[in-house]
Amino acid sequence: MAAPSKTVQDGRTGIVGRFDAFIGEDNSIKHALGVYGALTLYFIWFLVPILWLALSTIKPGSIIQADELIIIPSIEQITFANYEMVLTNPQFQTMFFNSIVISVSTTILTLIAGVLGAYSLSRFSYPGRKSLLIAFMATKMLPPALILIPFFIMMYTLNLVNSYTGIILAHCVRALPLALWLLKGFFDDIPEALDEAARIDGCSHLKVLYHVIVPLAKPGIAVAAFYTFVTSWNDFLFVSILSQGDSTRTLPFGLYLFQSANTVNWGATLTAATLTAIPSIVFFALVQKYIVKGLASGGMHGS
Amino acid sequence: MATPHKEQPRLQQLRQFVIEAKWFTQETWIGIGLVVPATLMMTVIIVYPTVRAIWISFHSRSFLQLDQVQWVGLANYQQLLEDPVFSQALLQTVFLTVGAVVTMYLLGLGLALLLKENLPGLGPLRSISMVSWVIPPVVIVIIWSWMLEADYGLVNLISQMFGGPNRSWFGTQAWALPLVTMLRVWKDTPFVAIALMASMQSIPEEYYEAAEIDGAGRLQKFRHITLPNIAYISMIMIVIETIAAFNSFQMIYIATGGGPVNRTEVLGTYVYQQAFQEYALGYASAVGTVMLVLLTIFTVVYIKLEDTE
Chain P
1 MAAPSKTVQD GRTGIVGRFD AFIGEDNSIK HALGVYGALT LYFIWFLVPI LWLALSTIKP
61 GSIIQADELI IIPSIEQITF ANYEMVLTNP QFQTMFFNSI VISVSTTILT LIAGVLGAYS
121 LSRFSYPGRK SLLIAFMATK MLPPALILIP FFIMMYTLNL VNSYTGIILA HCVRALPLAL
181 WLLKGFFDDI PEALDEAARI DGCSHLKVLY HVIVPLAKPG IAVAAFYTFV TSWNDFLFVS
241 ILSQGDSTRT LPFGLYLFQS ANTVNWGATL TAATLTAIPS IVFFALVQKY IVKGLASGGM
301 HGS
Chain G
1 MATPHKEQPR LQQLRQFVIE AKWFTQETWI GIGLVVPATL MMTVIIVYPT VRAIWISFHS
61 RSFLQLDQVQ WVGLANYQQL LEDPVFSQAL LQTVFLTVGA VVTMYLLGLG LALLLKENLP
121 GLGPLRSISM VSWVIPPVVI VIIWSWMLEA DYGLVNLISQ MFGGPNRSWF GTQAWALPLV
181 TMLRVWKDTP FVAIALMASM QSIPEEYYEA AEIDGAGRLQ KFRHITLPNI AYISMIMIVI
241 ETIAAFNSFQ MIYIATGGGP VNRTEVLGTY VYQQAFQEYA LGYASAVGTV MLVLLTIFTV
301 VYIKLEDTE
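Listed in order, the protein sequences are those of chains P and G. Reminder that position 192 of the first sequence reads as 192 in this note's numbering, one-by-one numbering, no gaps. Reminder that position 8 of the second sequence reads as 8 in this note's numbering, one-by-one numbering, no gaps.
One chain only, chain G, in its complex shape (with noise of 0.2 Å):
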């Protein structure tokens, strides 16, 4: 009763801030523990194996004998240095690698610009054009096995019937990294067009009809309105197929197993083939950071564009 009549005001005050702090830091709780789970799962499945890897490859190592552990420090990227088979498979990711993003890059666009002509029987092709996308990468590489098959498979009875050749065709050295590049391209394609498709049909209809008051015409059109409307999509596809196909492994594995004499050899049957089939965890680890460092450039690309968002 006797209670100073101005200090209830600013006892209220600080009772009010204490509550409103409670519930502040409490809230902030509950959001990192809904996260916790998450989190903890990618750190101890990918980011300690990646540190661990990394430690490895400063080791020798062999599955045969998994205590036996020897510190080598660099001698695994010495040996690397002087290894043809690495540049072999380093040369031919890079060659994969860019043939296909350029290939599937150039094939979605066009893919996208056609099937979001507002013609009948597209829809239904824009959902069937996705399947390849689905499938899986076994799959795939059975399918077209089964379709370059020598003798009986279709693309030698067609090359028979107009006088061509009949052979294995990725047994043939010339033709085993063009192909596997070519069913990376086969498989990713439609994804790249889909998107692409559906940035396209996010640009407002008004900047075509003025363009076309204006007199553009169809590659005008192309050129001044969807290009650039289209090239932030365009970025994060082209990042995203980057280093998947710098990744390349089960398709050509399955395919090829890295032959005909090393052709198809690409850094991720390398690392595959030195861990699992010649038990150099060391080796295969350093090969696999060589792989990292590379990719990291790409990495960082891709967080810098996505971040923009």
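Excised from the complex, chain P in its bound form (with noise of 0.2 Å):
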């Protein structure tokens, strides 16, 4: 991911070594500090947010509203009851729930029909081929809101609506294209004669999937799991409109209506956002280093 450190070769290492490798190389200390200087004007508008966020659940109400500028409460100020309102309400604990178990089935699903097709689009060929590895990623591009009309009325009339099942299933194919294609492009890095040899020991396809495809292209199933998961966890649109009680409502629906509800409780509602941020974050923490070269590979197109 990060590129081939040119400390290598002069055999300075740590970063007082990589930064004298910099200057010593670009004769420049104005150039580093004008690339520092850009990137902090850069982050201030992308982690002041953030940072702000997650400072404001651990203040107080009286902080949080007060209409004097507090960046850091004291510590006797900083408190809990902001997690421990949001934990303990029962409400939430329901949705957080729902989150889970749509987004991991959708996961698993997603993951076996990639699988097998990624496999069948990169090691086999029949007429067609190609042409539906085309429809796959088109798919992807259309509007949300157009399918979702006859999606609804097709779940109605199935009585899927306020079910699992039919939301696991927009969230499925709503992942799909995408996971076909990124694990396609790391089945086809892996050397075919792999699994040639592998046949000709007398293993069958799936055996050879199982056995041979699926331990190499693990980082791209992880990537693929993410992105997945993601998609699955951050969606509203169809949460919105299929889930018609607390039986099924994921988080982000949630938390929607319960902005709408309480503008007053801001304490809440950041937390609770806060604490819906944090599995996609903790996911993508694990798998980063490997989005990199999907993005590199052209795999990871599209969000």
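Derived from the structure by calculation, the hints contain no laboratory data. Incorrect hints may have been included.
Stated by the list, open to error - Cβ-to-Cβ under 8 Å is the rule here; a few derived chain G residues that face chain P: (1) M41; (2) I46; (3) L119; (4) S127; (5) D151; (6) N247; (7) Q250; (8) V271.
To be verified - Here are the in silico distance ranges between beta carbons for each label pair: (9) V101/P / L219/G: 50 to 60 Å; (10) L81/G / Y210/P: 51 to 61 Å; (11) A32/P / L81/G: 55 to 65 Å; (12) E278/G / I71/P: 41 to 51 Å.
Said to hold, decoys possible - Derived DMTMM-like pairs: lysine to aspartate or glutamate, alpha-carbon spacing no greater than 20 Å straight-line: (13) K221/G / E205/G; (14) K207/P / D188/P; (15) K293/P / E117/G; (16) K130/P / E306/G; (17) K207/P / D189/P; (18) K289/P / D189/P; (19) K221/G / E206/G; (20) K22/G / E196/P; (21) K293/P / E306/G; (22) K130/P / D188/P; (23) K130/P / E192/P; (24) K218/P / E192/P; (25) K218/P / D188/P; (26) K289/P / E117/G; (27) K293/P / D188/P; (28) K30/P / E117/G; (29) K221/G / E117/G; (30) K293/P / D189/P; (31) K293/P / E205/G; (32) K207/P / E192/P; (33) K207/P / E27/G; (34) K221/G / E209/G; (35) K218/P / D189/P; (36) K130/P / E27/G.
Note that the structure is a prediction, hence the values are computed from the model and not measured. Quick reminder that beta carbons are idealized off the backbone N, C-alpha and C, glycines included.
Assembly of the complex is requested from the two constituent chains, each provided in isolation within its own frame, with the hints serving as guidance.
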């Protein structure tokens, strides 16, 4: 992921060494300061809102809604009351549970269909293979708002409104095209000689997939899982239509309802928002080094 | 024993051919079989509803009485032409799309150039910069509503310290659309930046070394080496982000609901509002079909681009 460090060549390591190497090469401390300066400007716009959100969750209501600027509350003022209130709220617990069930099921289902499909698209040749690959990607471009109308009617006729099944299916299909492309890209990188050897030894295709391809493509599968999980965890559109009550409501839609109903209690809203963002961020942290590879190989397009 | 000596190889050849053909068809069927689950899901949940939605757009239909369907031909489309909110939404969608994509690309390019520098501390920044891309859109809207909240939002607190205005920014007609555009830029710029950076890092170092020997400066190296080498990924990013911005729905719906006074109404929110608040399914589908037609142009460009790879 990182550019090959120039320090390797001259044997200097560590921050000071890297800095030296950079300065030595370009003879310009001005340039380095320019880079840091520009980055600072960008990160103010980018990180201050996130930090401000995180800081606000440990402030008592009196500070949150004070009309003077208190950036960091004093030790005595720091409170975890917001967290306690949100985490012990049964509605929040139900929504968290629903979100987990829906996102995990979506991820498993998408990965099964995706791995099988990507193996087929990567290793077999049959008429229509290429058109299929293009068609999968093209569906990513359809306006979701348009699909939603007949999809809702379909779910309504099948009695699947307000069920996990409807939401999970919608989420799977939203994530599947990209997961397929991504997995195919990673599978293509595995030398075909490896699975041919396994085939000659008498392995069936599923065995090859399970014992050869999947273990070697783990990073790709991790990225596909991450992308699918986040698509499902973050979705608002489908849940807002298909979920008609507490039993299937997930966090994003619940947050929206909570926010529009309680413009007064910012402490709870911000804390619930922070807790909603955490699973995606944690998952991202786990797979981030593979994501750049996925992006570079062209598989990660579209969001 | 009495079998003629000559016929044996021919028979063997035939047998070999049959085995191979059998093996080949069997292989093909396994290949097709493996892709069936994915294809089936896509067909049932995406392709069929799309066709169905276009069909619905020629009908008058309401959520209130789902079984009452009436063929109205092009009436819904005619109504679109006379609907001032639709033309406003279309115009605002174009403004949002162009504004978001141009800003996102330029900022992303700048950020990629900064982050690819080999300076201490930039490694972690590369990862941290991606956080906004991962955060749920609802949370992004809450963060910014909180930042821009009248009286005690950070922006207003700082603005007041310098004698500036204190207002509810999302509710201000002139600011609402630029602000929802900014939300998109804030969310997706890091994604564009990291993609461009990944592409920049795959440019062989020798190109730059050769250029340096020829006496090229930073700007020249950027123009003649970096830019041509990231042209392909740039095009892909621009097309993807254009499609995504054109389909914008959730952040706007949550932030402003299309208001104030339709000032942030875009095609995505208009479809949703017509379908699920006015229950005008036929009309909503007609708006969606117009989106589909416009998007098809970009989709074709995108497929052409991906195909050359």
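| request: Would you pick out the hints that fail for this structure and give their numbers low to high? | output: Those not satisfied: there are none.
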